[in-house]
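Participant: Got chain F sorted already, so can you dock chain E onto it with the hints?
If you read the protein sequences in the order shown, they are chains F and E. Going by my numbering, the first sequence opens with residue 1, and the numbers climb by one from there. Going by my numbering, the second sequence opens with residue 1001, and the numbers climb by one from there.
What the hints contain is simulated information worked out from the structure, not anything from laboratory work. Any given hint might turn out to be false.
Said to hold, decoys possible - Label-pair distances were calculated between CB atoms; the ranges are:
1) F:H362 <-> E:W1016: 44 to 54 Å
2) F:E230 <-> E:E1012: 18 to 28 Å
3) E:L1069 <-> F:I206: 22 to 32 Å
4) E:P1028 <-> F:G47: 32 to 42 Å
5) E:Y1033 <-> F:P203: 17 to 27 Å
6) E:Q1089 <-> F:N202: 32 to 42 Å
7) F:E193 <-> E:W1016: 29 to 39 Å
8) E:E1012 <-> F:P203: 30 to 40 Å
As the list claims (entries may be wrong) - Listed next, the stretches of chain F that the computed footprint assigns to chain E, with coverage defined by at least 3 CB atoms under 8 Å from CB atoms of chain E:
9) 91-105
10) 199-208
11) 211-218
Even for Gly, the Cβ is constructed at its ideal location relative to N, Cα and C.
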Amino acid sequence: MSKKDRMSGNQAIALAIRQIDPDVIAAFPITPSTEIPQYVSAFKADGLISTEFITVESEHSAMSACIGASAAGVRAMTATSSAGMALMYEMLYVASSDRLPIVMAAVNRALTGPININADHSDSMGANNSGWIQIYSEDAQEAYDNMLMAHRIAEHEKVMLPVMICQDGFITSHGIENIEVEEDSLVKNFVGEYHPKKHLLNPKEIIGVGPYSISAYYYEMKMGQFHAMENARKVILDVSADFEKTFGRKYGFFEEYRMEDAEFAVLVMSSSAGTGKDAVDALREKGVKAGLVKLRVYRPFPAAELAEAFKGVKALAIMDKCDGLSGNGGPLGAEVRAALYGKTDGIKTINYVFGLGGRDIHVKDFFGIYDDLEALVKGESRPDCKHIGVREKR
Amino acid sequence: MAKENSMGNIHEKSPWQDITEGGFVYGPGNSVYFNTGDWRVRTPKWDPEKCRQCLLCFPVCPDSSIPVLESKRQDFDFGHCKGCAICAQVCPFGAITMGDAGEGADE
Chain F
1 MSKKDRMSGN
11 QAIALAIRQI
21 DPDVIAAFPI
31 TPSTEIPQYV
41 SAFKADGLIS
51 TEFITVESEH
61 SAMSACIGAS
71 AAGVRAMTAT
81 SSAGMALMYE
91 MLYVASSDRL
101 PIVMAAVNRA
111 LTGPININAD
121 HSDSMGANNS
131 GWIQIYSEDA
141 QEAYDNMLMA
151 HRIAEHEKVM
161 LPVMICQDGF
171 ITSHGIENIE
181 VEEDSLVKNF
191 VGEYHPKKHL
201 LNPKEIIGVG
211 PYSISAYYYE
221 MKMGQFHAME
231 NARKVILDVS
241 ADFEKTFGRK
251 YGFFEEYRME
261 DAEFAVLVMS
271 SSAGTGKDAV
281 DALREKGVKA
291 GLVKLRVYRP
301 FPAAELAEAF
311 KGVKALAIMD
321 KCDGLSGNGG
331 PLGAEVRAAL
341 YGKTDGIKTI
351 NYVFGLGGRD
361 IHVKDFFGIY
371 DDLEALVKGE
381 SRPDCKHIGV
391 REKR
Chain E
1001 MAKENSMGNI
1011 HEKSPWQDIT
1021 EGGFVYGPGN
1031 SVYFNTGDWR
1041 VRTPKWDPEK
1051 CRQCLLCFPV
1061 CPDSSIPVLE
1071 SKRQDFDFGH
1081 CKGCAICAQV
1091 CPFGAITMGD
1101 AGEGADE
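Chain E extracted, bound-state conformation:
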């Protein structure tokens, strides 16, 4: 997955010589390596029973925190969700509810 020289090979213990020149990032899709979800405003809760898999929630997520596998959404990626609640707003079936910041599934 992580190509040579991509962010996947650079981490917080890397010596300066291993950091790419100018901090260039090689290869797309590296945000997945950087977890931003250690805090969030509120925590969304997904109810698979109510969910009809219409997939309206997934494209509106600003942090790509709704993984889709074989055309079906999975539970939230809490490594990146900031709790903005846009997904809960667009869901026509009430399948997403917003709890407190620390509530619900966590990373």
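The following block holds chain F by itself, in its conformation from the complex:
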């Protein structure tokens, strides 16, 4: 039986880690993910987990230690945020090209600079082409649930890729919510044991990991990663379906909220989706056909499924909690527009950048967004990309 308990997103992740009891955790503290290894070290001190907890001197070393542990054949995990993830950058690519199913609890925080500790997605968006599966959580419940699914996705024999489970710093990581938690034994059964086919500590088979790949091999190695990422699509859906069967909570690539007959839609990720849903409810009361899609799985990117979800929509707002400073909108905006191109060309789109460095977004901001979409459909002009919630002279 699941039970209700109140906890923060970081506590929910830590609870999942205690239940999973991974073999190795290597982590370096960085706000706002610091609490996760802190809770883990308390579990370790209290004898609640058998995890080997490696205190390292940097995040580069944290990921390196995870790579070593995972190559040795055990479950390895870490947690990080912002500049910590940036310092892992080199090793993130090594983890994915070595096909090591490491799981990371990522607590999204703005990437320095200017230095800032609050939530936006610039850290994990910077790693969005590192070959990691990326799954985003709206609240503590989703952070917990996604973490329970992470290892089964990562360790699936057709995938063997690292996974990061993302949640918004402070908003989710430190906000206390009532969530449903599952029994230790049921979680243990669901997650299962990890028995890699090949690993460094097997005395019967000597192997080498991470060889130099000259130009005659590098491309073929990348092709293997490409197909693993493709395979992850079905595995994510299968694991999510089994999760629903086991624990009753339903997950897919994304959540569609009041999208059945929606004419005006917003696509948003993580905690801001909750605010957006309130706006949708209020607009529906007024007869506006508003809907919202919350993207859960960003890597692999569900391009075809998103195009299908937005088929009946007249106008779409794509919301980036990250300005890639690319001169072409945020990363989500660019990818969703590419996904729609040639499939649903009738849809008018605006790409919004919002919430940088922990700037709040309010229900009234979403009203403004839906107003823009209605105006666009009426033939008024709106910019392709717009920054909202920022002070500027008019």
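Facilitator: For chain E alone, kept in the frame of chain F given last:
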């Protein structure tokens, strides 16, 4: 010699499906399949007449380019020698001399 799945079965014409997952290399001693000796700084020349088979040269070679057969060193493996000259430095009998890069026996 080359076990199934070891580097011996993977070559520059292998399709991506035949490359091991993560590029894992199965079985030890695969460096022999990868020739690095197509250039070298200088080329060592071994004089079997002067050589007393003391075997001081073989353990100091950083590229394992001095094959030993039945306790006797053989001529250099020029598929892997980079011409560092450490062997010539340690030889007490002057049995190894260093020529120009292209000089001497070649692969």
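Participant: Could one say that the CB atoms of E193 of chain F and W1016 of chain E fall in the range 29 to 39 Å?
Facilitator: holds (30 Å)
Participant: Can you tell me whether the CB distance of E230 of chain F to E1012 of chain E sits inside 18 to 28 Å?
Facilitator: holds (25 Å)
Participant: May I ask you to test the hint 44 to 54 Å on the CB atoms belonging to H362 of chain F and W1016 of chain E?
Facilitator: holds (49 Å)
Participant: Cβ-Cβ distance between L1069 of chain E and I206 of chain F: within 22 to 32 Å?
Facilitator: At roughly 24 Å between Cβ atoms, I206 of chain F and L1069 of chain E fall inside 22 to 32 Å, so the hint holds.
Participant: In this structure, is the beta-carbon distance linking Y1033 of chain E and P203 of chain F contained in 17 to 27 Å?
Facilitator: For P203 of chain F against Y1033 of chain E, whose Cβ atoms are near 24 Å apart, the range 17 to 27 Å holds.
Participant: Examine the stretch 91-105 of chain F: at least three residues should have C-beta closer than 8 Å to a C-beta of chain E.
Facilitator: holds (count 4)
Participant: Okay, the stretch 199-208 of chain F and chain E, do three or more residues pass the C-beta test at under 8 Å?
Facilitator: holds (count 4)
Participant: Hint says 32 to 42 Å; check whether the CB-CB distance for Q1089 of chain E and N202 of chain F agrees.
Facilitator: Taking Cβ atoms as reference, Q1089 of chain E and N202 of chain F lie about 40 Å apart, which means the hint holds.
Participant: Tell me if the beta carbons of E1012 of chain E and P203 of chain F are separated by a distance inside 30 to 40 Å.
Facilitator: holds (32 Å)
Participant: Look at the Cβ atoms of P1028 of chain E and G47 of chain F and judge whether their distance stays inside 32 to 42 Å.
Facilitator: Distance hint for P1028 of chain E, G47 of chain F holds at roughly 40 Å.
Participant: Count the residues of the stretch 211-218 of chain F with a beta-carbon closer than 8 Å to any beta-carbon of chain E: does the count reach three?
Facilitator: Holds: 4 residues of the stretch 211-218 of chain F have a Cβ under 8 Å from chain E.
Of the numbered hints stated above, none is contradicted by the structure.
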